[in-house]
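Asker: Given next are the chains, with one letter for each unit.
There are 2 protein chains.
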Amino acid sequence: MRAELIMVGTELLLGEIVDTNGPFMARHLADLGIDVYFKSTVGDNLSRLQEVLKKAFGRSDLILISGGLGPTEDDLTREAVSLAAGCPLREDPEVIRWIENRFVERYGSLTAMSPQNRKQALFPAGSEIIPNPVGTAPGFWLEKAGRIVVALPGVARELEAMFRETILPKLRTVAGEEALVIRNLHFAGIGESSLAELLADLVSAQTNPTIALYASGGTVRVRLAAKTAQRAKAWDLIAPLEAEIKRRAGAYFYGVDEQSLEEVVAKGFLERGLTLALAESCTGGLIAHRITNIPGSSDFFLRGYVVYTNQAKIDDLGVRPATLAAFTAYSAEVAREMAEGVRKRAQTDFGLAVTGIAGPGGGTPDKPVGLAYIALASAENTTVQKHFWRGTREQVKERLATAALQLLWRTLSGLQAD
Amino acid sequence: MRAELIMVGTELLLGEIVDTNGPFMARHLADLGIDVYFKSTVGDNLSRLQEVLKKAFGRSDLILISGGLGPTEDDLTREAVSLAAGCPLREDPEVIRWIENRFVERYGSLTAMSPQNRKQALFPAGSEIIPNPVGTAPGFWLEKAGRIVVALPGVARELEAMFRETILPKLRTVAGEEALVIRNLHFAGIGESSLAELLADLVSAQTNPTIALYASGGTVRVRLAAKTAQRAKAWDLIAPLEAEIKRRAGAYFYGVDEQSLEEVVAKGFLERGLTLALAESCTGGLIAHRITNIPGSSDFFLRGYVVYTNQAKIDDLGVRPATLAAFTAYSAEVAREMAEGVRKRAQTDFGLAVTGIAGPGGGTPDKPVGLAYIALASAENTTVQKHFWRGTREQVKERLATAALQLLWRTLSGLQAD
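Sequences listed follow chains H and B, in order. Position in the first sequence (first residue = 1) + 12 = the numbering used here. Position in the second sequence (first residue = 1) + 12 = the numbering used here.
These are calculated hints, taken from the structure and not from any lab test. Don't take every hint at face value.
Identical copies carry no separate label here, and so any pair may be met within one copy or between two of them.
[Claimed, not checked] No farther apart than 20 Å at their CA atoms in a straight line, the calculated lysine to aspartate or glutamate pairs in the DMTMM-like style are these:
id, residue 1, residue 2
1, LYS356, ASP327
2, LYS239, GLU23
3, LYS379, ASP311
4, LYS67, ASP327
5, LYS398, GLU410
6, LYS279, GLU406
7, LYS239, GLU28
8, LYS245, GLU256
9, LYS156, ASP104
10, LYS131, GLU410
11, LYS245, ASP73
Work the whole structure out from these sequences, hints included.
Answerer: As structure tokens, then:
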């Protein structure tokens, strides 16, 4: 089965919106083993939209359209599909009653209702109406001459809900058992090229599942993609490969699929009943922000300090002025005192500290921009890491926060942090 | 001039990558007054790529291609353009020398160089080679039968650099003086619908510039777009409208174009030589993170506290246990003591505090999820705001951080905060 995506909206062609509906539908189609060969983006223009639709009718079995279902003059998807498929528009009595009811509820009568508002009740003859559980524009599913045309509104929240609730189950029936099953494994504390070396023979030998590595912001994702005639069999292909990858690089493995590093760290703290306090200098609150994004983090993360001045490091963390004077704020010695100080002050099991130079200003030949120290103090000992990363201020913050979360995670996993 | 974008790459059709190259080029083309009528996305497949190219040749004057210029078998853009335009591929002697030099530098000889590596020196006859200042794949600009075809690598960093340095200046010559000039005005502390009411007659009366409102995460953007035959004249159209909008809603205006709220706040503190300390409960470090993203923020932001427990509020900010017991941590009274306490402890001009319930857990009938208080203390007085927002944990954090930055900005502007 060959699918094609059509994204409708002038704002997409002006670059004012980044299309996420296309990737969303494409991922689900890939998951069903349906090949997407083309994606076309077109503005709110009837003749160009028709041109794109006709082309799609000529080459694809399944055509998924996003956008152009609203009540305004610019919303032309229903007209274009009607013309391209040769199915005249018909007003659906149930949908028109529903629209009328909304007007009565809101305005007390139908006098405010214009012909424009009736437009959303028009569908190409023979369509099945796709309900919209979170908005006003219903979609439709039209089968004509061996082709399936699906039209959904462009608002991502609405499209995603309708796709999940109605389109996906219908497509499963249509697509059959053939499937592409994807498994993502996440690694931290190891670079993309080092991990690629560990897995080189697997990557070159494997054809099904395929293996691909993707690096981003200090972590590496290994993507296993298995093509299979029967969905249930895909795991037989993936499981042995996943086991072999974990055997080789298990020390750096932290999670699967949608799991984030902060989620894994939070789970580690909560499962062990341990507590954490943070002392952040150059990351400026980002580690606290990432940890507090996880629901329930208040059960283990008790407090954080953003100590942007030497005085704050002295007042709040008990860093000694002599240490600051001897080694500067950007030193292993100060990182250690920060971590131990915050742990003591907050009376937590762990104290994590980061100090460094995020840039773009503030660097010196001895202490360049991108230099940083991360320290983790527990009752038993204190670990200090030195880091050096080039990048923008925001990149340096992000990489350091990820490195600090890695240190936490590896310590919690009972592994030697490096 | 009609332009069309062609995005090449199977990973785009699998939904594994969100296309940002298309929007990037589209924005620049809109800015030049060049209309983009179609964007096509196609996989790494020679016949389908050729099909898309032929269609584009038939209907567009300018065709911009992203991707498919690498050295692997999957990289097919040069072959497809060669076939579609009828221009045989020729090896460029300068590019081949450059590739050979890289091999000698890296491996000491040419023995490691394969025929695949020579591929990146092939260009359709008649092409102008577009240098790649940040990567290995050069692009090309081909004029044939009144059409212009531009091919650039798919790596965003490379495409953007090449587009800015070489393509944009060349397009300016081609496009002439006609232009669409965009001006974005940013507003905070006012909802989209209230701002729309203030500007309703302007929005409906204006055709050039057009006015559009966009809400996102607690701020509203007003976009003015002027079409003009001469770029220099666009400001004559925009300036009087911008002045009228500021006359009506100036109290909520904070910046233009790419300016962020935190940038405006940072500028306000630095210009006035004032200092800030933060006490964050439910925003969990996000305000500190946003402020410390701004270079130079260490000159006014001295320290922040993420006080996730009552004990931390007592220890670090001097909140009275009696206040916590009487009103709970989610109260105007505690917000006030937090703001005044952090200002005193850090000895800053301003102390800003946020306390509330980000959810999803922790709500009660009296104090539901989404309830929050923001307090700003100065030497003169303390302002306390009550907020209530529905949304996910991350949305509530984001909205509250934006509201807190708004309060700072309006106070700095010498305006009454509401």
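Asker: At most 20 Å between alpha carbons: which applies to LYS279 and GLU406, within, between, both or neither?
Answerer: Close across copies (18 Å), not inside one copy (27 Å); limit 20 Å.
Asker: I want to check one pair: LYS239 and GLU23. Are their C-alpha atoms no more than 20 Å apart within a copy, between two copies, both, or neither?
Answerer: between (36 Å within a copy, 16 Å between copies)
Asker: With identical chains treated as interchangeable, where does the CA-CA distance between LYS398 and GLU410 reach 20 Å or less: within a copy, between copies, both, or neither?
Answerer: Result: close within a single copy only, 16 Å intra versus 32 Å inter.
Asker: Between the shortest in-copy and the shortest cross-copy C-alpha distance, which are at most 20 Å for LYS245 and GLU256: within, between, both, or neither?
Answerer: within (18 Å within a copy, 65 Å between copies)
Asker: What label fits LYS67 with ASP327 when the C-alpha limit is 20 Å: within, between, both, or neither?
Answerer: neither (70 Å within a copy, 69 Å between copies)
Asker: Up to 20 Å between alpha-carbons, please classify LYS131 paired with GLU410: within, between, both or neither.
Answerer: Close neither inside one copy (48 Å) nor across copies (37 Å); limit 20 Å.
Asker: Should LYS356 paired with ASP327 be assigned to within, between, both, or neither, using CA atoms and 20 Å as the limit?
Answerer: both (13 Å within a copy, 13 Å between copies)
Asker: With identical chains treated as interchangeable, where does the CA-CA distance between LYS156 and ASP104 reach 20 Å or less: within a copy, between copies, both, or neither?
Answerer: within (19 Å within a copy, 51 Å between copies)
Asker: First find the shortest C-alpha distance between LYS239 and GLU28 inside one copy, then the shortest across copies, and answer within, between, both or neither for a cut-off of 20 Å.
Answerer: Result: close only across copies, 16 Å inter versus 36 Å intra.
Asker: Up to 20 Å between alpha-carbons, please classify LYS379 paired with ASP311: within, between, both or neither.
Answerer: between (37 Å within a copy, 19 Å between copies)
Asker: Measure nothing new, just compare the shortest in-copy and cross-copy C-alpha distances for LYS245 and ASP73 to 20 Å and report within, between, both or neither.
Answerer: neither (26 Å within a copy, 50 Å between copies)
Hint compliance for this structure: hints 4, 10 and 11 are broken, all remaining hints hold.
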